[in-house]
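**Student:** According to mature numbering (1 follows the signal peptide of the UniProt record, and there is no 0), the sequence shown holds residues -29 to -1, 1 to 69 in order.
Hints are not guaranteed to be accurate.
[Unchecked claim] Pairs of lysine-lysine residues, derived as DSS-like cross-links and limited to a Cα-Cα distance of at most 30 Å, are as follows:
1) Lys48 with Lys20
2) Lys20 with Lys34
3) Lys34 with Lys48
For the record, the hints were derived by calculation from the structure and aren't laboratory data.
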Amino acid sequence: MMQPVKRFGLMVLQTLFFIFGVYVHGGDANNQLNVTCSEYERNALLDFKTGLEDPLNQLESWKGSNCCQWWGIGCNKAGAVITVDLQNRLGLSLASQV
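Please put together the full structure from these sequences, using the hints given.
**Tutor:** Now the structure itself:
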């Protein structure tokens, strides 16, 4: 189970990405194959990833220049990240159990 502090931090980050995407870019989610995220957002996500434990390598797709194609990342038509959804589809935790 994810620690409460990490869960809260993840919820805050998701909310900020969503609000920023909706406010600045209209929040119109689109086919992610046709858009590319900014270098700033890509670096922010990679920095965020360093604070996570990923023993099952579920974030393995988090490489390359287009973070809009990474697992759990959603972008709008402008390429702005508007969602970060790291819910585990396998039912296993990204954080180690304490």
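**Student:** Run every hint past the structure and note whether it holds.
**Tutor:** So, going through the hints one by one against the coordinates:
Between Lys48 and Lys20, the direct Cα distance comes to roughly 24 Å. Compliance with the 30 Å bound is thereby established for this hinted pair. The suggested pairing of Lys20 with Lys34 holds, with an alpha-carbon distance near 11 Å, which does not exceed 30 Å. Distance hint between Lys34 and Lys48 is fulfilled; the C-alpha atoms sit about 21 Å from each other, no more than 30 Å.
When held up to the earlier numbered hints, the structure conflicts with none and fits them all.
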